[in-house]
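J.: Residue strings, one per chain:
2 protein chains.
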Amino acid sequence: MAKQQHQHHTLTEQHTTLALFSDTIITSRNNPKIKQLRTLLKRPERERTGLALIEGLCQVIEALQQPGRVCQLIVAPDVLKSQQAWELVEAYKQQGLPWLYVSADVLECLSLKYAQQGIVAVIPQRWESLKELRLSTGDYWVALEAIQDPGNLGTILRTCDATGCRGLFLLDHAADPYDPVALRASRGAILSRRLVKASFQDFVDWKRLHHYPVIGTSDAAAVHYRQVGYPSPAILLMGSERQGLSQEQQAACDLVVSIPMRGNSDSLNVAVATAVVLYEAIQEDTY
Amino acid sequence: MAKQQHQHHTLTEQHTTLALFSDTIITSRNNPKIKQLRTLLKRPERERTGLALIEGLCQVIEALQQPGRVCQLIVAPDVLKSQQAWELVEAYKQQGLPWLYVSADVLECLSLKYAQQGIVAVIPQRWESLKELRLSTGDYWVALEAIQDPGNLGTILRTCDATGCRGLFLLDHAADPYDPVALRASRGAILSRRLVKASFQDFVDWKRLHHYPVIGTSDAAAVHYRQVGYPSPAILLMGSERQGLSQEQQAACDLVVSIPMRGNSDSLNVAVATAVVLYEAIQEDTY
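One line per chain: the protein sequences are A and B, in this order.
Each residue of the first sequence is one higher than the one before, counting from 1 in UniProt numbering.
Each residue of the second sequence is one higher than the one before, counting from 1 in UniProt numbering.
I should point out that these hints are in silico values taken from the structure, not numbers from a laboratory.
A portion of the hints provided could be inaccurate.
Since the list gives no way to pick one copy over another, a pair counts as held whenever it fits inside one copy or between any two copies.
To be verified - Simulated pairs of lysine to aspartate or glutamate, DMTMM-like, Cα-Cα distance not exceeding 20 Å:
1. LYS113 with GLU248
2. LYS81 with ASP254
3. LYS131 with ASP202
4. LYS113 with GLU241
5. LYS131 with GLU62
6. LYS113 with ASP149
7. LYS81 with GLU62
8. LYS197 with ASP23
9. LYS197 with GLU108
10. LYS93 with GLU62
11. LYS81 with ASP139
12. LYS42 with GLU248
13. LYS33 with GLU248
14. LYS113 with GLU128
15. LYS93 with ASP176
16. LYS81 with GLU248
17. LYS197 with GLU128
18. LYS33 with ASP172
19. LYS197 with ASP266
20. LYS42 with ASP139
21. LYS81 with GLU47
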């Protein structure tokens, strides 16, 4: 794929000229194609179509470098400056896949933060089946019970990437990792981490069937998170922002650890707590 | 103070009655007092007045329990249900300090998230002078260089509270810890942690004068964050979300540590990275 892309070297200037003279640039936010794309900013339409919008130069470049990862490309030719991105855009277009040129203003309405970088992509969501998933030694995963805040969810994905954690189980009614706020916080980790959606009960049945250890966290647990040996593979289970893990959920864990608190605070932000335990769990592995 | 508050026991019903019949309830968002209070949602007016608005039942209760911490109280009597809060409101009113009764709708315009809890307070901002600050053995502080995101800032304050870190240095042009988003993420830690504002240069001059060790973080540092002994007192210095610490800033540190990354990601969220190093630094202390 990388080779194929580099067969289409062209200078930015040439692309811009091409864009200006032979391609239509959509300048109205009310264009039906744009209106359709904008619906992907809302969860119901993302769920109905199985698609999502990603933005940010680094993230879109990473997606374009993964075969089959982008299914539509939206470029503001007056705004996109990156030579590398233009080369990837050209390679993408050669595949005959759909793309649009739009004005800076139109791109802005498809973008949460990085409109000034000039490119947005539509990607198919990727979800894996719980039933078929198997873990190997060295694999760590995080399971989030009913996480509510997409920013926390995205930050946890980013931490998964940094720690080499394979991916996330999203249990019960959770925020959407393809939410623009989650995507922004994930900093591209959505493209490299794996995702599984399940009910808590199905997750427990699956982990029991395969004897995968699950480590929960609770401020009431007697076991200090630094005073245990972490198994591998393992799944770190975190409770929701509001309620943490219920007694029943803790009972389904093989081990429940606590992170000590010293001040007035009785809890940590869930993304912070996840990182603190993850970094402890993986520390025995080689870096 | 606690004793004084409990001299004014009254039942919620009585308070509500009082509110309905003898106190004016402001029902218009355009009331000049309300318009004035709303300006505190913006940073320039917060800086001009040195005040801030806090919301959330737990946070306001905590503020009311600290002598001299609240300088104005705004209550929606039809919404506030907490008996404890009503007792504190009554004790507060007995001090002759200013308060307003407002409708649910008016409270909503002063509130980011917790309007349904029925109470908002105006507090004076508290900042300490760098020059007069001294650290003792066991003290940890966090210094944030030009942090931009108020959510990250608030989350770091919350982590400071959980780890017993004394407070924050906000260096150079930083987000405002009294921003409603920061306050919401801090979960009340704003009321218990200490705050110092300074330029990076003044901070460095001060730490050199007093020989306080500063520990920086950088993904390029050769020293693994788990393979060092952390001094005490100490200050953990974190770079901005975008740029991390510059070479000059790292050179001003006594030690620079790195948090290893395994995936595609080249950095962690700043609040996550702060927590990972803080929990490592304090782990040798007794809990």
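J.: State for each hint whether it applies.
T.: So, going through the hints one by one against the coordinates:
1. LYS113 with GLU248: Classified as neither; 40 Å inside a copy, 30 Å across copies.
2. LYS81 with ASP254: Result: close neither inside a copy nor across copies, 52 Å intra and 40 Å inter.
3. LYS131 with ASP202: Only inside one copy: LYS131 and ASP202 sit 9 Å apart there, 58 Å across copies, limit 20 Å.
4. LYS113 with GLU241: between (25 Å within a copy, 15 Å between copies)
5. LYS131 with GLU62: Neither: 29 Å inside a copy, 48 Å across copies.
6. LYS113 with ASP149: Intra 18 Å, inter 13 Å, cutoff 20 Å: intra and inter.
7. LYS81 with GLU62: Classified as within: same-chain Cα gap 16 Å, cross-chain 51 Å, threshold 20 Å.
8. LYS197 with ASP23: Intra 41 Å, inter 52 Å, cutoff 20 Å: neither.
9. LYS197 with GLU108: For LYS197 and GLU108, neither the intra-copy (31 Å) nor the inter-copy (35 Å) Cα distance is at most 20 Å.
10. LYS93 with GLU62: within (16 Å within a copy, 59 Å between copies)
11. LYS81 with ASP139: The answer is neither: 39 Å in one copy and 48 Å across copies each exceed 20 Å.
12. LYS42 with GLU248: neither (33 Å within a copy, 44 Å between copies)
13. LYS33 with GLU248: neither (48 Å within a copy, 49 Å between copies)
14. LYS113 with GLU128: Classified as neither: same-chain Cα gap 29 Å, cross-chain 35 Å, threshold 20 Å.
15. LYS93 with ASP176: neither (30 Å within a copy, 45 Å between copies)
16. LYS81 with GLU248: neither (53 Å within a copy, 30 Å between copies)
17. LYS197 with GLU128: within (8 Å within a copy, 48 Å between copies)
18. LYS33 with ASP172: neither (33 Å within a copy, 45 Å between copies)
19. LYS197 with ASP266: neither (29 Å within a copy, 27 Å between copies)
20. LYS42 with ASP139: neither (33 Å within a copy, 46 Å between copies)
21. LYS81 with GLU47: So LYS81 and GLU47 fail the 20 Å test inside a copy (32 Å) and across (38 Å) alike.
Comparing the model with each earlier hint shows violations of hints 1, 2, 5, 8, 9, 11, 12, 13, 14, 15, 16, 18, 19, 20 and 21; every other hint is respected.
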